[in-house]
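There are 6 protein chains.
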Amino acid sequence: MNNTIKVAYAHCDGPCGIYDPASARIAAEAALSMTKKILALTPPEDKADPQAVAAYLNTLSRYVAIKEEQAHLAKTELLVLWTDYFKPEHLEKYPNLHDTFWQAAKLCSAVKVELSLHHAEELMEAIEEIHNIFWETKGRKVDWVTAG
Amino acid sequence: MNNTIKVAYAHCDGPCGIYDPASARIAAEAALSMTKKILALTPPEDKADPQAVAAYLNTLSRYVAIKEEQAHLAKTELLVLWTDYFKPEHLEKYPNLHDTFWQAAKLCSAVKVELSLHHAEELMEAIEEIHNIFWETKGRKVDWVTAG
Amino acid sequence: MNNTIKVAYAHCDGPCGIYDPASARIAAEAALSMTKKILALTPPEDKADPQAVAAYLNTLSRYVAIKEEQAHLAKTELLVLWTDYFKPEHLEKYPNLHDTFWQAAKLCSAVKVELSLHHAEELMEAIEEIHNIFWETKGRKVDWVTAG
Amino acid sequence: MNNTIKVAYAHCDGPCGIYDPASARIAAEAALSMTKKILALTPPEDKADPQAVAAYLNTLSRYVAIKEEQAHLAKTELLVLWTDYFKPEHLEKYPNLHDTFWQAAKLCSAVKVELSLHHAEELMEAIEEIHNIFWETKGRKVDWVTAG
Amino acid sequence: MNNTIKVAYAHCDGPCGIYDPASARIAAEAALSMTKKILALTPPEDKADPQAVAAYLNTLSRYVAIKEEQAHLAKTELLVLWTDYFKPEHLEKYPNLHDTFWQAAKLCSAVKVELSLHHAEELMEAIEEIHNIFWETKGRKVDWVTAG
Amino acid sequence: MNNTIKVAYAHCDGPCGIYDPASARIAAEAALSMTKKILALTPPEDKADPQAVAAYLNTLSRYVAIKEEQAHLAKTELLVLWTDYFKPEHLEKYPNLHDTFWQAAKLCSAVKVELSLHHAEELMEAIEEIHNIFWETKGRKVDWVTAG
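Line order of the protein sequences matches chains A, B, C, D, E and F. Residue numbers for the first sequence follow our numbering, so the first one is 1116 and each next one is one higher. Residue numbers for the second sequence follow our numbering, so the first one is 1116 and each next one is one higher. Residue numbers for the third sequence follow our numbering, so the first one is 1116 and each next one is one higher. Residue numbers for the fourth sequence follow our numbering, so the first one is 1116 and each next one is one higher. Residue numbers for the fifth sequence follow our numbering, so the first one is 1116 and each next one is one higher. Residue numbers for the sixth sequence follow our numbering, so the first one is 1116 and each next one is one higher.
Just chain A, with the same shape it has in the complex (with noise of 0.2 angstroms):
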């Protein structure tokens, strides 16, 4: 089966070698976005008007289950960078390779299960650090640009 590896091993440098931590910062920028909106909301006043409790339930059960997707999104983006674009001789360069994205991804955790403007905005952070590691390993400068 030895022909069989090497066939195979000539693809091995990935699926289609387009990597962009834009695709988790999105993501994040998203999460931050609706952990804001969450934190504004204001519950009814008339806590007996059934249809008022349900519309701001409606409201903040959506906005949860969006920063739940958008957490999640964000660190299996980020994942992707670190099992598939990141190689060796990348972790000789930058020593501190696996604790930076272990950290970023318990971000993403952090801000599902919490309400937390700061780890949200620590989550933005982490990614911008893996933006500017990312492009340096590609040689290139990219500005790291917000679409919020």
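Simulated from the structure, these hints should not be mistaken for lab results. Predicted model, so just to flag it, every value in this text is computed and none were measured. A portion of the hints provided could be inaccurate.
For identical chains, the list gives no copy identity; a pair is met inside one copy or between any two copies.
Claimed, not checked - Simulated pairs of lysine-lysine, DSS-like, Cα-Cα distance not exceeding 27 angstroms:
1) Lys1208 - Lys1221
2) Lys1162 - Lys1253
3) Lys1256 - Lys1162
4) Lys1151 - Lys1162
5) Lys1253 - Lys1202
6) Lys1221 - Lys1151
7) Lys1208 - Lys1256
8) Lys1208 - Lys1151
9) Lys1152 - Lys1253
10) Lys1162 - Lys1152
11) Lys1256 - Lys1151
12) Lys1253 - Lys1221
13) Lys1152 - Lys1208
14) Lys1221 - Lys1202
15) Lys1162 - Lys1208
16) Lys1256 - Lys1202
17) Lys1152 - Lys1221
18) Lys1208 - Lys1253
Chains B, C, D, E and F: place on chain A using the hints.
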């Protein structure tokens, strides 16, 4: 129920307000990359070697699946912009908006169905045009930067 | 590469040719049903009973999630028709086609964001109109039958 | 916790009450259509032309993936009916109900695993039978209309 | 087409032959755990504090969503065993097989719809019974080990 | 917002606390099984018989898709353990933890990209090692039992 509707409308301007054509662009770049890689594949010379044939088909059918997935993702991301971000006032300023998105969506389908470098590149151009319209509506100047 | 493209074009007329507005209709019916059920829910009288509160919120947040999912599915199914089934020749005959789909997609978003019986019913009407256009283009007479 | 359970039970009759065998039927029609299209494909005459080979394989492996997805969706939709819609009282009236669904689900698997026109058509017949049982339990007469 | 069907049948015994009731068990354990956590939550004392209310609802609606997802996953995993692993010869030996799975699937739905510790525990018992039947058909003795 | 964060932190120890390396093991077993089945496939003798060719390609491309899905699932399940279960105190005791997971994740990618029995078996060994570390941190002795 009037007041329910009013409460809800206050958040009607979308789930998080974070839109970025970069999501569609990254997916389209990946689909273009896979198109190129598929067109560059060479079938095994010895068609009687079951494992060489299987290795070739393993690579090719993975590449086709990734192209499909990424072209589909590009389409989904484009349609999010069209249905959620763009509003009637944009349509007045860009009267071809509907058709621009329809053609771009049809290009995504073409990139799935075909192995066409030409259509994959046209899709990139369509997304660049949408990128320009999008940031113009935001009153911002954002460069068109690709990852590939 | 000319001949590659020609080979591929032969199958360009879509993946399977099976389109049916019933998919969007079923999802929209489910979203309408959830809207009604949410509006009919009554918060527990004893707001100091943690389990009664949790039971109410369990039901309500599940209903909101199902409404979200089904309204999203309705949108996805509508956009499949718009991007894959409808061709330039249909556009000539139905010059409002783009706007019909755009408005219907925006109604799907409204049904997600709001708790609006009115918009959920308007979505059903929009899908009925699309059902009629669709079957007319096929030269068939298919009754509008709902499941609910 | 008795009262929690009671509150919840009130909504126990399902998430939205909208069931329609048309969902399974549309998916099974798509799987049947893909089976036919795959069986009608012709491999390229010139097996030494890498791009003609790749175009054939692109088409074929997409079709297989769509057949897989649609047969799987048909199975999922059938199992929703079996587990959520049908109740013990229906089982009394239709004592073969369990077996009818088991055989239909196994046909979905056969349509995935095989390239069998025969099994894809048997699946359509099984869904028609389920359509008839379903609407009979609802006391309605709904015609069996296919999209293809 | 006879010979096509014959070729395909050779692989008809399933996609990979790896079945393990542990998948359903892990999901059901997670759903049971979430049920307990939801029932143990205390609403904020100060109902006028928007952020305390939002934090409580953030936690609760995430827990409900995870319970939903895990109970659904348990159902899906059980139905894979029922439709793909079990064959007519097993049905002869375990004549209640269909009903065992039907009841287990209905328990999954109950765990979603309700906040019932009782039903979440009954689901675990149903999966243990299926675990025993499954390994018996394999002629193996595998202990019932839980993660929680 | 201090008190919001405090409320949320109380549940910070994860969504449900149910972790089990069996999920990753089952997926890796399935990927190993598919690798073996693909390597054992024989192309049709008569390459001029379109239906025999299509039947072979139907089987092979389904197997490749299932291998892809299962290797991906193994990766996802491993990364859940790494990002959510393991805490800084575990890292002190297992200083190679990051690298163990990185290598295991890269093996998942190799199993997707290649047709390598060797890498599929190495992945099983990597998961067995993680199984041992995991249960050691829990202070439990759980046997390594495979389904295949």
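Against the structure, the hints:
In this assembly of identical chains, Lys1208 and Lys1221 lie within 27 angstroms of each other by CA distance both inside one copy and across copies; the values are 23 angstroms within and 19 angstroms between. Taking the shortest alpha-carbon separations for Lys1162 and Lys1253, neither the intra-copy value of 56 angstroms nor the inter-copy value of 39 angstroms comes in at or below 27 angstroms. In the homo-oligomer, the alpha carbons of Lys1256 and Lys1162 never lie at most 27 angstroms apart, since the shortest distance is 54 angstroms inside one protomer and 45 angstroms across protomers. Within a single copy, Lys1151 and Lys1162 get their C-alpha atoms as close as 23 angstroms, and across copies as close as 20 angstroms, so both meet the 27 angstroms cut-off.
In this assembly of identical chains, Lys1253 and Lys1202 lie within 27 angstroms of each other by CA distance solely inside one copy; the values are 12 angstroms within and 32 angstroms between copies. Taking the shortest Cα distances, Lys1221 and Lys1151 sit within 27 angstroms of each other both inside one copy (20 angstroms) and across copies (24 angstroms). In the homo-oligomer, the alpha carbons of Lys1208 and Lys1256 lie at most 27 angstroms apart inside one protomer (18 angstroms), although the nearest pairing across protomers, at 34 angstroms, exceeds that limit. Within a single copy, Lys1208 and Lys1151 get their C-alpha atoms no closer than 37 angstroms, and across copies no closer than 31 angstroms, so neither meets the 27 angstroms cut-off.
In the homo-oligomer, the alpha carbons of Lys1152 and Lys1253 lie at most 27 angstroms apart only across protomers (21 angstroms), although the nearest pairing inside one protomer, at 36 angstroms, exceeds that limit. Taking the closest pair of Cα atoms, Lys1162 and Lys1152 come within 27 angstroms of each other both inside a single copy (21 angstroms) and across two copies (19 angstroms). Proximity of Lys1256 to Lys1151 under the C-alpha cut-off of 27 angstroms is restricted to the inter-copy arrangement: shortest distance 26 angstroms between copies versus 31 angstroms within a copy. Taking CA atoms no more than 27 angstroms apart as the test, Lys1253 paired with Lys1221 passes in both settings, with 26 angstroms inside one copy and 20 angstroms between copies.
Neither within a single protomer nor between protomers do Lys1152 and Lys1208 lie at most 27 angstroms apart by alpha-carbon distance, with minima of 40 angstroms and 30 angstroms respectively. Taking the closest pair of Cα atoms, Lys1221 and Lys1202 come within 27 angstroms of each other both inside a single copy (22 angstroms) and across two copies (10 angstroms). Proximity of Lys1162 and Lys1208 under a CA criterion of 27 angstroms is satisfied in neither setting, with 58 angstroms inside one chain copy and 44 angstroms between copies. When the C-alpha separation of Lys1256 and Lys1202 is checked against a cutoff of 27 angstroms, the pair qualifies only within one copy, where the shortest distance is 20 angstroms, while the shortest distance between copies is 35 angstroms.
Taking the shortest alpha-carbon separations for Lys1152 and Lys1221, both the intra-copy value of 22 angstroms and the inter-copy value of 21 angstroms come in at or below 27 angstroms. Proximity of Lys1208 and Lys1253 under a CA criterion of 27 angstroms is satisfied intra-copy only: 13 angstroms inside one chain copy versus 35 angstroms between copies.
Violation of the numbered hints given earlier is confined to hints 2, 3, 8, 13 and 15; the remaining hints are satisfied by the structure.
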